[in-house]
Each structure stands twice: as structure tokens, then as C-alpha cells.
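Visitor: The residues making up each chain are set out below.
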Amino acid sequence: MSASSAFSDEKGGSSSVGEPEYGHDPASGGIFSSDYKRHDDLKEMLDSNKDSLKLEAMKRIVAMIARGKNTSDLFPAVVKNVACKNIEVKKLVYVYLVRYAEEQQDLALLSISTFQRGLKDPNQLIRASALRVLSSIRVTIIVPIMMLAIKEAASDMSPYVRKTAAHAIPKLYSLDPEQKDQLIEVIEKLLADKTTLVAGSVVMAFEEVCPERIDLIHKNYRKLCNLLVDVEEWGQVVIINMLTRYARTQFLNPNLNECLLEEGGESTFYGSDADQDEDEDEDKKDEALSKRKPYVMDPDHRLLLRNTKPLLQSRNAAVVMAVAQLYFHLAPKAEVGVIAKALVRLLRSHSEVQYVVLQNVATMTIKRRGMFEPYLKSFYIRSTDPTQIKVLKLEVLTNLASETNISTILREFQTYIKSMDKDFVAATIQAIGRCATHIGEVRDTCLNGLVQLLSNRDELVVAESVVVIKKLLQMQPEKHSDIIKHMAKLTDNIQVPMARASILWLIGEYCEHVPKIAPDVLRKMAKTFTNEEDIVKLQIINLAAKLYLTNSKQTKLLTQYVLNLAKYDQNYDIRDRARFIRQLIVPTDKCGALSKYAKKLILALKPAPILESPFKDRDHFQLGSLSHLLNTKAGGYQELPDWPQDAPDPSVRNVEVITLLERVTKLTSVPEWTKCSSREKRKEKKVEKPFYSDSEGESGPTESADSESDSASSSASGSEQSGSGSEESEESEERSDSDEEEEEEEEEAKKRKTQKKEPIEAVQQSESEQSSEEEVKKRKVSIPPPRNVSESESDDDDSPSDSSQDSESEDSESEAEVKKKKKITPPKAPTKPVKKEGKKEKKEMSLLDFDDFEPTPSPQVTPVGNFLSSSLVTDLEGLSLTDTVLSPATISPSGSLKSYELLHRITGEGLWVEYCFSRQPFLPDPHMVAVQIQFTNSAATEAKSLRLEEAKLQSGMRVKEFPEIEVLPAGESATVVMGVDFCDSTQAANLQLCTHSRKFFVSIQPPVGELMTPSFMTENEFKKEQGQLMGMNEITEKMQLPERCQNEHAIVQRVIAAANLSRVPCGSDKECRFAGRTVTSGSLVLVTVATKESGPSQLTINCEKMVIGTMLVKDILLALTQ
Amino acid sequence: MIHSLFLINHSGDIFLEKHWKSVIGRSVCDYFFEAKEKAAEPEDVPPVLQTPHHYLISIYRDRLFFLSVIQTEAPPLFVIEFLHRVVETFQDYFGECSETVIKDNVVTVYELLEEMLDNGFPLATESNILKEMIRPPTILRTMVNTLTGTSNFEERLPSGQLSTIPWRRSGVKYTNNEAYFDVIEEIDAIVDKSGTTVCAEIQGVIEACVKLTGMPDLTLSFMNPRLLDDVSFHPCVRFKRWEAERVLSFIPPDGNFTLMSYHVNAQNLVAIPVYVKQNISFFESGSGGRLDLTAGPKQTMGKTVEGLVITVHMPKAVLSASLTATQGSYTYDPATKVLVWDIGRLNPQKLPNLRGSLSLQAGAPKPEDNPSINIALKIQQLAISGLKVNRLDMYGEKYKPFKGVKYVTKAGKFQRPACVAISHFST
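These protein sequence lines are chains H and F, in that order. With the UniProt record's numbering, the residue at position 1050 of the first sequence is 1050, and numbering never jumps. With the UniProt record's numbering, the residue at position 409 of the second sequence is 409, and numbering never jumps.
Careful: at least some of the hints might be erroneous.
[Unchecked claim] Facing chain H, a subset of chain F residues (Cβ under 7 Å, in silico):
no., residue
1, 33
2, 35
3, 37
4, 73
5, 74
6, 77
7, 78
8, 107
9, 119
10, 330
[Stated by the list, open to error] Derived list of chain F stretches under chain H, where covered just means 3 residues or more per stretch with a C-beta under 8 Å from a C-beta of chain H:
no., segment
11, 18-30
12, 41-53
13, 110-116
14, 239-246
15, 312-321
[As the list claims (entries may be wrong)] No farther apart than 25 Å at their CA atoms in a straight line, the calculated lysine to aspartate or glutamate pairs in the DMTMM-like style are these:
no., chain 1, residue 1, chain 2, residue 2
16, F, 36, H, 421
17, F, 36, H, 385
18, H, 377, F, 186
19, F, 378, H, 385
20, H, 377, F, 115
21, F, 366, H, 1048
22, H, 341, F, 230
23, H, 367, H, 1069
24, H, 1038, H, 1069
25, H, 59, F, 104
26, F, 131, F, 88
27, H, 567, H, 617
28, H, 1114, H, 1104
29, H, 898, H, 1019
30, F, 316, H, 458
31, H, 341, F, 115
32, H, 120, F, 115
33, F, 388, H, 909
34, H, 999, F, 41
35, H, 422, F, 284
36, H, 180, H, 230
These are computed hints drawn from the structure, not numbers from a lab. Computed from a predicted model, the values in this text were never measured in an experiment. In this text, a Cβ means the ideal position worked out from N, Cα and C, and glycines have one as well.
So here's chain H without its partners, still in its complex pose:
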């Protein structure tokens, strides 16, 4: 066979070209030989008729390419085979083409027609692969062909081909940036694609071609969020990174305004069925509320956070990191903590992964130390870690050091100093220095430890210690003259220049503390001057100058001598310095103006250096990015924008009805449906909450993203018609979606596998019947006004709650159904559905309306209000029901207290803790705010020894703990009262909640209104006090009181609900006055609300503490204007 002869030929042949060592490499065999002459027989083989010969030749060629050998002279012979029938040969020809087409453009054109034919092939795989290769051929002349191919492929039936089209976009863009506009059109089209297969690739193309066109994302935002879990891992990374940037431009900073709890609404779900109609109303109001000043998280923002969270469990480190950076940049402070555990997990991965993760953790620890504190031990260093990992871990440990843990960290550092890795030891010493500068308490301990290291046998250790000690001493030199003396002795032994220089500088700087030794050191140095390193020489000159100025009697001659030596030094820096110093200090005839100030100049007080982490402020780069890692802007890096001041219009993410309908009728892809489904799922979830058993009704702030499982459990708990109905709809939707979505229920999966499509049809049938019956009713009941219309109370109030609830779930049902129909309809026969669609158009309009404008019931924005039965509220306050439930801060102080969650049931493993401000004086200490804490044990086992411990309080804050609860049996609750001195600030008190087995970090955050106690005074006293608190201490705000808030009663109710104040009698009925004192400092707080017949009302607050005043104004304003 000629193949084998070629083979042996090759082995025998000389391999003079290229790197000869591989020619003889037995492992590479003939494949790696690279003699140009040999190409002749390769050509022969390629020209032959036998596929096996061609294949053999192609294999050898590919092997040469892999080796980096030039095989371009074979191009004509290879390109002929592009149309070869044999798939194996074809594949390898493609590899060759992609590699060399750029160099041989003319010849490459010969192959184009083959690909063009391939693009029309009925087999989707062939279409995809033709596009893939065609777009990889970097030949400018075929740009129009590529453009056409991409456009066609973008509307291909097969998602795989569409994916390939998405991949081809950046290829074409890099070949010809002029095509950008057209490519953006294609991207826009593909962004609307609803399959998970395409999502990752198209976002990647978006990032490469037009990352600045953030507006293209609006319409697809919700869909992307919802698809995310099912996208392949690499796509997830790209999408999450892009969405981080998107969110930064579209939402408000959740940490800007922390006085309003964005998650106040959780417990609404706790309520009975009767609350349903209220819920709806609240949601609308919430939407309106979000437009006002106080921060309420945009439901879309919440959606993103919720849908990315499960991905922290991904096996792919890049995905975990992407979610972590998203949370770091976007989540409210209280929620960022969830990423810590996942990041710590990545530390058990490969060392390269560790390296990147640690860099990011280091940056995070500077901003949010508390987050990683519980995982301190995970950053302990192992002797087998590579040095770069050790140094990074050290950095993290240093950043985590605080008063509480410093002793453990220092003990750990002590063992590190004994390591064999000297670079690491040096880094440890630096770390000790930094701990010492940041934590005053341990400065002396650290210094002593470092001084002990001065007697270490290793010179590098000593040298590093000297340098660090120098920095530490600069902070308080007077206390440590003996250390300086000790170091002076070291000059005889230490040879490391930096260390010698440091010692000399120290002695010079503090020569007054060591008056006897300093001249002697200079004497010794003068002797060895010529042999010293440059930095040491410079310091000798400095030392001489300083001594000359302070002690010229003893050192005059020595200084002259040193300066003379320096005058003839080889290094010009040293010569210059000597000349400069001489002019400055030695008085001459033409005494310059400067020399008068010589002492001041040279012996000026120098500020102590601040030892800072190299990771400080690195978080202005998006975490996890290459730029962050390198701390320089990498090419193509997209800046992470700052939060906007005012939230851009959230309605841009709504999908317009008209366009939607157009698309429906056109029967192109309908991605918007996906969005609808998600919202409807959320709604369903909300509806179903009450079906939970009471103890479970509370849903946490970290609500899981799975609506599916929710519905599953609801059906399990025996829900009635509406519950199961909605599940049904979901189920069927899933089935139809199954192309890209992973189904959740195994039963379903089973069904799907075995029964295929028929049962679905049946379900649909029955459902559609049912739903059409109710359509009329539905329309009547549940068409809420668009969200821009002001908060009018909808009719729902009147209708019995049951019906509204029903209609809602049915609504969603039929929604899903419409969608289902759409999806199931095979694309080949579009006519029938079009008709259907057309008939239904009217009805759908309303449905869509409903979907688009119904404010998304995100649990986080629904305020708490369930502690009062609604009727009670009505009776008590004479206010409309909806109002009360709406405003979180306006619950009547007489009967109810706003509760905040301290520990969620899930985090607490069954233990659920809430707190509220009881407004009773705290008897043991009048300067403390009484906090009432309610423990509920919903776990199956009893909780033992519940107590709170101080974790990390802001300075000045004090806590009076409650007596330990010894046992809390399962299902029981207990209430205790504790006192907290918040020091008149709204800073949270961070505490540790301990049980017999676990510890939780919790925090109590007081609204500003709870930081005061009522104070009783007469009208005259009030006026007198007010007169003294003018100017800066007075804050006035105009406001427009809503209709129902005009009367005095309402105003009093609301102000008192917002702040713990007492009413001051007042002659005029146009004015309401309130007075109180802050709990800790007893500063007066005076509030006046003046209403006018016409024009805006006025709110005035007089308070010595301006911060309190400003915050209170905001709170009261909010309470009044709702």
C-alpha cells in the first residue's frame, strides 16, 4: 500500500526542517515529521481515489498543524477535498481550511460554494456545521455571503442552527466591524429567542458586538432571568455578568436608603384567605410607592437576585463566581452573606481557581468583613499550598482581623513564621505589621513579637521584621527607645540593605531618644561607608545631617567626613544628596534662606505610614473580571456603571401589548410568553401561600426561586380547586416547554415519557372549557388599571375575597393555556392557530393587559400588616382598609406593633424569631430601647438554651440581654424583652443568637422613630423649646397631604405610628404638635404639622441631633403622604 510506504519513507527521511528533535521522537512516529519534500506524497495521497488514503493524509496534516508546522503549500490539494463524501475526511478538511484560508484567500473561495450548498441542507446539523466553517473562514471578500447566511440561520427552525448563528456574529464582526448595525439587528432578533440553547450564545455575541446597547435587553430581561437556571454553564456566566451591568443602570442602589425595610412585606402571606383582595391592592400601591423616594426594591431586581441564587450550587466555579459578584454588586447588604459559603467552597478546588477566588475574596473582605468572618478557619494556610496562595490567604486573614479574633489570627501567624518558605514568612511579618497598625490593642504584643524575631537566625526574617518595626515605631516612638537601642546593635550583624537603611533612618529620626548611641552608630557607619549599598549610604547621610543639627558638638567632624566621602561617590544621587545636605546644614558665608529652616526641614514630624491592603478600592472593577484580577483595565472591559440617582422607568421591561399581538398573529417566535408565564407563576405562588399550614405561612426574605416545588407542595397539602388547577397549568406548560426546560416533577416526567402528547391534549380540552366559561367573569373582576394610573381602589374590595382569588388563579390558568396552545402548535401548520388567535384577540387583550400591568407581586415589597385582623384596624382607625395595610409604618400604636424578622424559619432550622419595639420604657436602664422578641419554635424538636450574645456592636452601643430561655418545646412560642442602647443612631445592633447547638448572626435595626420616648409638655414650654432650636436644628418640609389625611385625627395617628412621640396640646386646629426625647442622650425632638386650607402643608422638626431630625422628617413625611 502506498500509505504504508509513505510512512516508512518518512521515518527514514531526514527531518532537517523545523525542530528536528520531534522527527526522532518515537511517540510522534511518522505523524510528526515535517519535511517539506514529503508533502509531495501527501499530495499524491490526497489526489487518490481512496478515502482511506485521503484520511491518512489529512490526519498527518492535522498533526502537523497541531505541531505548529507550516503546511500551507498543501492548500490546493486539500481544498479539492472539501466536497468529499466521507465525513471523516470532510471534518479534517474543515479544520485545515479554517486554519489556512486567511493566508490563501483566492483558493479558499473555491470552497465557498460547498458551504453555501450546505446551508440549504435539510439536515440541521449539516446546516449548522456549514455555517460554522463558513463563518470561521476569515476572508473579507465573503462578508456579504456570511451576513446573508447568518441572517437566514437566525430564523432557522432548529435552535441549534440559531445557536450557531449567534456564534457566527462575533466572527463576522471581528472580520468587518462595518457590519455592526446589521449584526445588531440579528442580535436583537436572537435575543428574543426563547430557547435556552440560544440564550447564552446570543448574549455572548451581544457582549462582543454591542455591549453598550443595554436597551436591547429591556424586553428580554425577565425572560433571561427565568431561563437562566436551564442555560448551559458557560452561557450562565456570560448572562449573569451582563445582567449585573444591566441592573446597575436600571435599578436603585439597595443600600442607599436603609431606613425602610425593603422586605417588610413578607408576612402578608401569613394571612387567611380573606386577605387576598387586600394583597392585590397592596401590590398596586407598592408599585406606586416605589416611585417615591423611600427605597423599595424593584420586583425585577428581586427577580434577578432570586433566580441567580440557586446557581451558587453550580459545580462550575465560574458560575459561582459570577453569581457571587452579582450579589456583591447588586444585593442589599443583608443578603450578600449568602455568597460566602459558596466562595469558601471554591477554595477546595484547583489551585488556579483558588488563586482567582482568593483575589476576589480579598477585595470583598475589605468592604464586607463580616461576611467571611465565620469562615476564618477556611483561610488557614497549609504548608502544601503554593506560595502565591499562601500570600493571598494571608491577605484575607489580615483583612478579617478584628479585636475579637486577632488573638487567634496572631497565634496562627506565629506558626507561619516558622515555615520553610521564606517569601511567605516575609509576607507574614508584613501582615503582622498591618494587624498591629489597624488594631491598637495588639500593637504592643505584635511589636514585642517582632522584636523577638530580630534574634531569628534567618537574616531575611530579621530584615523584614526591621522594616515592619520601623513602620510601627513611627506611630509612637517615645515609648520604645529600648527597641531602637536594640536595633542599633543589630547594625553590626544585619547585612540586608533595606533593613540597615531602616535602622539608620530610625536612629536618625529618633536620635533624641538614643542620644548616646546615635553618634556611635554614625561613627561605625562612616568607617564602612564606601562598602555600603546605595540606599544605606543615603540613610547614612541623612543620619549624619540629623545628628549634626541636634548634636553638632559630637558629630561635626564625622558629618564632614561622611559628606566628603559622599562627594566622590560613584552614584550621582548620593553626590547630589551630599551637596544638598551640606548647603542646607553647614553654615557658610552666603548662607541661603533655607538653612535657617534646616532643622525644621529635616527633623519635621513625619506622618506614620498607613499600611494598606493592595486590594483596597479594587471593587470599582467588576469582581471576577480579568481587569479586577490584574488591577488594570483590560481591553474590552465594560465599566460597571454607578447606580442611577433615580430609577429609570421600570415599564420598559414590560412587553408592549400591541407588538405582542402583532407577533402572535405573525406567528414568529413569541418569547414574551415566557415572561408572562413567570409572572403568573409568581402570582400563583402568592395565591397559594395561604394553603400552607399556618406555621409555614411565613415566607422568608430568601425565598427560593422554585415556583414549581411550591405548587407541588401546595397540591400535596390538599388544596382545593384553584390550587390544583394552577398546578395543572404549570405542568402542561412544562410539558410543552420540555425542549429546553427540565421538568421538575418526576411523576410528570414519567407521564411525559410514556404517554407523549395525547393526555396533554385532553387536559387542555377540559381546561379550555372551564376557562372559557369563566372568561367573562374574569374580565369583570380582574382587570386592574394600568400601573401608571394613580392608586385608585379597585372594585375588588367589594367582591368577596374567595371569588377574586379564584378568578386570579383561573386567569393564570387560561394564560398558560393560550401559551400552551401556541407552543404545541407545530410550526409547519400555522394557519389554524392564527385564526384562533384572531378570534380571541379581544379577550386576550384584556388578559395581556392584566399580565403586563398588574404589578408583580414580589413578596419583598408587600408590607407587614397581618397582625391585626383587618376589621380591627378599620374599627380602630376609621381609615380605609387598604391604607392601613399598605403603609408599613402606619400601624396603630395602640393595638399592634410592627414586627421585624430577626431570624428566618429556614435559616434558623425551625426557630423563628421576630422582634418589635414595644414602646414601653425599659425599666432596668432608662437609656435603652425596649425590644420585644418573640421566639417561635416550629421545628420538630425542642430548642434549648436560647440566648443572645453581643457579637459586634458599634462603639458605645450597649445591650441588656434577656434571661436565657432554657427550653422552648416544639410548636411553642415565648416572648422576652431586652434593652438596647442604640446611642441614638439607626445603626443595627449586631448580635449572636445562640441555641444549644448553633449560633446565628442577627441584627436589630431600629427605625428612627423608635429611638425616642414621649415627652409631655405644655404649649408654652413647647414654643419656648422650639425657639431655642432654630436655624440648623430646624428642618422644614412642604408636603401635599392626601385627601383622607387632612383631618387632625388621621395626622395624629400617623405621626404617632411613625415615631414614639406624645401629642402636645395646641390652640389651633390647623396645627398638630408632638414632643419626645431621644432615649440615649435625652435630646428634645419637636414635631409640628401645620395644615393649610389651600396650598401645601408644612412639617417642621426641631431637634438638636440633626441626623435624627433629617431621618425623622423622611419617615413622617412618608407616613403622612400615603
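Based on the hints, put chain F in the right spot on chain H.
Guide: Positioned in the frame of chain H, the structure of chain F alone reads:
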């Protein structure tokens, strides 16, 4: 994203290159070689390097460097994770990932790389899908190929990319349907000189070998899922089921895969199965030293400790060791200064002991740091955390599969920075 890939062997030769965009010259690797020169160990080469026009991101696996070149901003972990995936794919295909193997299978390797990335963006990284497109070589097929002159490419078009479940190939058929799960736990611990545990944690993975016909839908539940503190999953696992019910519900890939890895709640104290008593001292004169090591069982829950290997990283001054072991064998590598004592099975009745003298380099000062000791071990039939698989259910298929679960405990980064008691010796 990823522009090019260079494979570099231990001695610094580039033996394979692959470009996904236009060709980048090899000279770009010079920056890497420079960094490699500087680093004492290959692990110390920074994974991310900046050059004037490119960024180099590399990983070191199996004594090979996988160096990727990127030109613009890309998440470094993305690239690193992808490179590791490449290595894992090679291991999966060829059994190991070494220079020889890669050179022998260069065409398959090239095909794989071509499929895994398109224009620098990952395309197909699931081994099930890749295997459908490019068959892994087997001994039989290699023989057939050499005899008949065909290669190992699929004749028919693969449908893998189009599968509804992206990690499982369709049309799987087995005569014996079996599913095996190995629960492998590793203890990572640092023990200080006095024998107290500084930190200890348990990492576990569940390795699965599933050979089931069709599209089985499996549910794996645990007796005590609360033990699991932190978990990460293969993409096939449904997050939501786990969150709600603490069961693993998944349609498995075909063949071997890592189902999940987990971390056991650190608050439960970790039982350390063995102890090591050590006494390593160096004479003041500086000529030598003495070593005495004894290992014994501590908390093994009635199981035997196997595969016990103790590794000591000696100070640089130690030239050689002449020791006697009552059990097992020891080696001392004077180049890397690593003493390895392979004990094997630990006999609780007769504790293994290794003692003898160490000789130091002439003239070298007495080493001040006592070495750290690493321990490797294995305990069969025991998951040290106590995790137990409750049951495995299969839905979607009719046959009865054979199921099996195995538990193994290993020492992970078990480390004892041995007695750092230098204070006795310093004068």
C-alpha cells in the same frame, strides 16, 4: 474569549497548539517561560499573566501546562474552569492526560478541541455529547482501525447537540442495567504540635457510574440530609427538588460522572481516625538528627485503616536518612527532601514505628524548623460523617436496575505541621 491554546510539557516545550481565531505566534509563550523561570515550583507560576498585547491564563495539571491566550476581558475563572474541563475530557477519553498520550491521539485531541470551542466560546463540553461525535479510542478499535484503515469517527451524523437533555446521549442500551454510587469522603485537618485539631472539615463527593437503558429519571434520598452543609451539583440535578425536599432528582448522564460534592457542617466535630506521634530532633553539633514516628488508630469506628502513607517534608539541610520501619517501607528523596513512609494497613495491636537517624549536610546550620507531616489514608465501608444513602428510585423506565452504594473515607489535605517546638533548642 479564548483565542489560542498551547500545551507545554514540564521541560518547557510547546508540543501542541490550537487557534480558534487567527494564528498567534508561539513567541507569546516567552512571557510565560519567563514567569516559569522565576517560580520555584510549577505551581507557583501565576495563573494569569499580562503581556503587552495578550493575557495568558494557564493551569498546571498532570505535569503539563495548558496555556490559553486571550485578547480581551474575559472572566479568568471561566477560562481556568474551561481548561480544567479540557483536561478532564482528555482523561475521560484516553485514561490519562500526558504528553505521550496526547501526541499519540493528536487527531482526536484536535477534533475534541475543535468541538469544545467555537470562536473561543465553549460549545460542547459534556462528555456524553462529545463521545457521540468523537468516539474515544479503545484498544479493540485501535486494532480494527489499523487493520482496516478506518478511523474512529462516526459514520452517521450525531444527534447529541439536539438532545432535549444536553448532558445525556439518546438511545442508550444496556443488557445489564446498573447504577453505582460511591460516597467518598475526605478529611481535611490541620493538627498542631500538641495534637489538638486546629481545623478539620469533611469534603465529600458522590461519584456515580450509571449504565441504564433509555431515559431513566432517578431520585436519590439520604437518611440524614441535614448533615450536608454546602453542596454543589452536576447540572443534571434539579435545584428546586433539592431545596424543597432534600432529595437528588436527576436524569443521569450515561457512564461515570460526579453527581454532587458536599461539605459537612463544620460544627459537628470531626473525628480524626489516626494519630501520629513524632519526635524529630537535630543534634546541636549539626551533623545529624533523630527521627521517631509512630502511628496509631484513634477513632476508626471499628473499621480498618488502609493505605496509610505518611509524608514528611524535611528541611533542606537533611542529606539522607537511615531508618528502620517495623511495618511498610520508606523512601527518602534527597532532591525534593521528602520522606515517604508507606505503611499500608494499620494494625491496632502492633503499632507501626519508623525510627533512625538523619544525616545533615556538612557545615549546614542546625535546621530550625521541624517539618510538617502529611497523612494519607483510606477507610473502606465508612463515610466518616455518617452520611447514609436512604434509597434510589427510578422512574421513566420499566426494568429493574441493579443498584449499589459504596462508602470510602480518605484523608484529603490531612496535615500536621509537626512539632514547632524549636524553643528548646534555641540558645
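Visitor: Compare the structure with each hint and give your call.
Guide: Now for the hints, and whether the structure bears them out:
| no. | hint | verdict |
| --- | --- | --- |
| 1 | 33 | violated (16 Å) |
| 2 | 35 | violated (11 Å) |
| 3 | 37 | violated (15 Å) |
| 4 | 73 | holds (4 Å) |
| 5 | 74 | holds (6 Å) |
| 6 | 77 | holds (4 Å) |
| 7 | 78 | holds (4 Å) |
| 8 | 107 | holds (5 Å) |
| 9 | 119 | holds (5 Å) |
| 10 | 330 | violated (19 Å) |
| 11 | 18-30 | holds (count 6) |
| 12 | 41-53 | holds (count 7) |
| 13 | 110-116 | holds (count 3) |
| 14 | 239-246 | holds (count 7) |
| 15 | 312-321 | holds (count 3) |
| 16 | F/36 / H/421 | holds (18 Å) |
| 17 | F/36 / H/385 | holds (17 Å) |
| 18 | H/377 / F/186 | holds (17 Å) |
| 19 | F/378 / H/385 | holds (22 Å) |
| 20 | H/377 / F/115 | violated (42 Å) |
| 21 | F/366 / H/1048 | violated (89 Å) |
| 22 | H/341 / F/230 | holds (7 Å) |
| 23 | H/367 / H/1069 | violated (51 Å) |
| 24 | H/1038 / H/1069 | holds (18 Å) |
| 25 | H/59 / F/104 | holds (12 Å) |
| 26 | F/131 / F/88 | holds (13 Å) |
| 27 | H/567 / H/617 | violated (44 Å) |
| 28 | H/1114 / H/1104 | holds (17 Å) |
| 29 | H/898 / H/1019 | violated (30 Å) |
| 30 | F/316 / H/458 | holds (14 Å) |
| 31 | H/341 / F/115 | violated (34 Å) |
| 32 | H/120 / F/115 | holds (22 Å) |
| 33 | F/388 / H/909 | holds (21 Å) |
| 34 | H/999 / F/41 | violated (42 Å) |
| 35 | H/422 / F/284 | holds (23 Å) |
| 36 | H/180 / H/230 | violated (30 Å) |
Violation of the numbered hints given earlier is confined to hints 1, 2, 3, 10, 20, 21, 23, 27, 29, 31, 34 and 36; the remaining hints are satisfied by the structure.
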